[in-house]
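Number of protein chains: 2
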Amino acid sequence: MSETTTSQDSSVGIVEKKYYTFAKPPEKLVLESGASLGPVTIAYETYGRLNEQKNNCILLAHAFSGDSHAAGFYATDREGDKPGWWDFIVGPGKGIDTDKYFVICANILGSCMGSTGPSSINPETSKPYGLDFPMMTIGDMVVTQKALLDHLGISRLLAVIGGSVGGMQVLEWCVRFPEMVRAAVPIATTMRHSALAIAFNEIARQSIMADPNWKHGNYYGGKKPDMGLAVARMVGHVTYLSDEAMRRKFGRKLQDKAHFSFGFDGDFQVESYLHHQGSKFVTRFDANSVLYITKASDYFDAVEQIRKPNLINGTAQNEIKYLVISYSSDWLYPTYQAKELVQALKCCGQDVSFCEIEADCGHDAFLIEDQRFTTLIGGFLDGIT
Amino acid sequence: MSETTTSQDSSVGIVEKKYYTFAKPPEKLVLESGASLGPVTIAYETYGRLNEQKNNCILLAHAFSGDSHAAGFYATDREGDKPGWWDFIVGPGKGIDTDKYFVICANILGSCMGSTGPSSINPETSKPYGLDFPMMTIGDMVVTQKALLDHLGISRLLAVIGGSVGGMQVLEWCVRFPEMVRAAVPIATTMRHSALAIAFNEIARQSIMADPNWKHGNYYGGKKPDMGLAVARMVGHVTYLSDEAMRRKFGRKLQDKAHFSFGFDGDFQVESYLHHQGSKFVTRFDANSVLYITKASDYFDAVEQIRKPNLINGTAQNEIKYLVISYSSDWLYPTYQAKELVQALKCCGQDVSFCEIEADCGHDAFLIEDQRFTTLIGGFLDGIT
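Those sequence lines, one after another, are chains A and B. Those letters in the first sequence? Residues 1 to 385, by this note's numbering. Those letters in the second sequence? Residues 1001 to 1385, by this note's numbering.
Treat the hints as calculated values from the structure; they're not laboratory data. Honestly, I wouldn't trust all of these hints.
Derived BS3-like pairs (lysine-lysine); straight-line CA-CA distance at most 30 angstroms [stated by the list, open to error]:
#1 B:1308 / A:257
#2 A:223 / B:1224
#3 B:1280 / A:224
#4 A:280 / B:1215
#5 A:223 / B:1223
#6 B:1223 / A:257
#7 A:224 / B:1146
#8 A:215 / B:1215
#9 B:1257 / A:308
#10 B:1215 / A:223
#11 A:28 / B:1280
#12 A:215 / B:1028
#13 B:1346 / A:249
#14 A:257 / B:1028
Input sequences plus hints: build the corresponding full structure.
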């Protein structure tokens, strides 16, 4: 996802990345595929304070290439470093008000931003897992988040909130641990990937696997599949934007020439932008993590479980209050998919609010500061009783 | 573009690919970039007969990866081979009726399907051009088509018809040689690429150039950049389809398994489909041709010329009758871009008809047999006087 447009000062201030490790020998975590994994480390951050009743906890689920750093700065940050990816909405007095709520954000399983993933050391070989890392699902991500909450002594979430792949985790929380969830805010997401979304993910994977430096996932310590990963990122990036946003932002503007170059270095600003996004991504993200996380999102399919009224059946203890948010120009998970979700939830008698936000900036809109979004989330959280 | 859905019998029967070579030494063709090229060979086919008045000629302009083989079979075709790409509309009694019209289709400059392109032999080195091939434009393609018509003794076209990049050639004909064009049918096209279209083309180019076998274009005689080209084709292919068509055709259907593989070989039918499209493309198309043709389409910008009433100013001898066709689910060149074209032409007092065809199959719709489309084109051509 693209970076947020937050200002340089963060109101949560200095934060710290923490780690929780579980499924230590002889234990292992059994995944949805049947494979087992251990030990499992989950990187996380918290903002605000847990109250005595332990009933003010909000879990944030990040998107595909996000991390646990949702707000604030690190003590090691330097001048010009940006705060966490949702700093504009997480903080004292903000939409997700850290004066009221204890906010947790955990890096997803399979990522490379602190939690265990394919670039982590496999204890059986003392080398990075690579493709020996077991395939994991959105459900497995949620199970690790549950383990973290158990560790922190939190048995119930006031809300779970997330966009895109984070929204899938929100839905998975609701079908897997409904008794732990008071409210859920799935944003710019879907109950399951369309063929179009799978196609773009597969193109990204093919691009990575076509890079000879990928070496079937065993590239750690050597040359990385940067070229393939960069192209994969460019593909992803286009799906996060919209036709309108790209016209507004780039149109046909040339990079730094008055005339066409009649060469292949890139004439248009949109080309330079994509090159930049590709180059930047390879310095911070692991190609194998892209493979595993995209696959997990392709596999995700909550339709049957959401439609099963016996799982989330509107009984008092399991009633979840939903706020479903979509963006008008999101063509990766278009509004019609959000409406299908709303309909499925309503058919099970759930308490659902739905809002399509008019925005021309595409799927990534939830990562861009927007007062309407902040007010919507803040108002919804205030109304949870 | 994807294959058409025509039946195995073609009513134009056996056809022959012909070649016209010009700009022979000491002559050279000067291109829009200022570079010169020669000799230039244009592969073409014809269907029907030129009448004595030489006023029944229709030029078909093919799309990006198309060729001169618009209809019929070759004498060398084998059982199961498909007829030309527009066989469903080109033939006796069909929409483009070869009992009435003399139809020409020429392979575009820069391609690899018979006309001179980067895989052709550079007479100065006796090796394939590779990146020594000069950058060419849609205008240059049209100039070579004009040279072919001169050679065939045709000074005026009853109509020029084409979809996608072929539609750009149609528009270029109208602004460059308006006195030669009686009617024009630009289909599923645009006056200029949006940032989104440029972005997808650039991703395709980056994918090819990231393949180490590409070797800065000098791969002829060695290993070809097949992996990069396959990924480029997959990207292109997704843009030719639509969300609706992909849902209808593939949805989340699994390839041949009852369960997920929890591996990276591809579980979903849409993945296998993309792999198939990628593999098929590398056997028939040249990677450098993709680079040159995508760049030509990115450079194309006819907005100013179309808006200049002094170039196509509605005087008797220059009046062109237009039929602009768009498809409702085409998100590469959406209907709003066709409407911009219609508006620009109307502002210059041109005779323009416009039709948006409701179809859920995306940009490639013009390559799929559709009676509405056939009737529309047939009726329009009948009405030209």
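| query | Hint by hint, which ones does the structure fall short of? | reply | 6, 7, 11, 12
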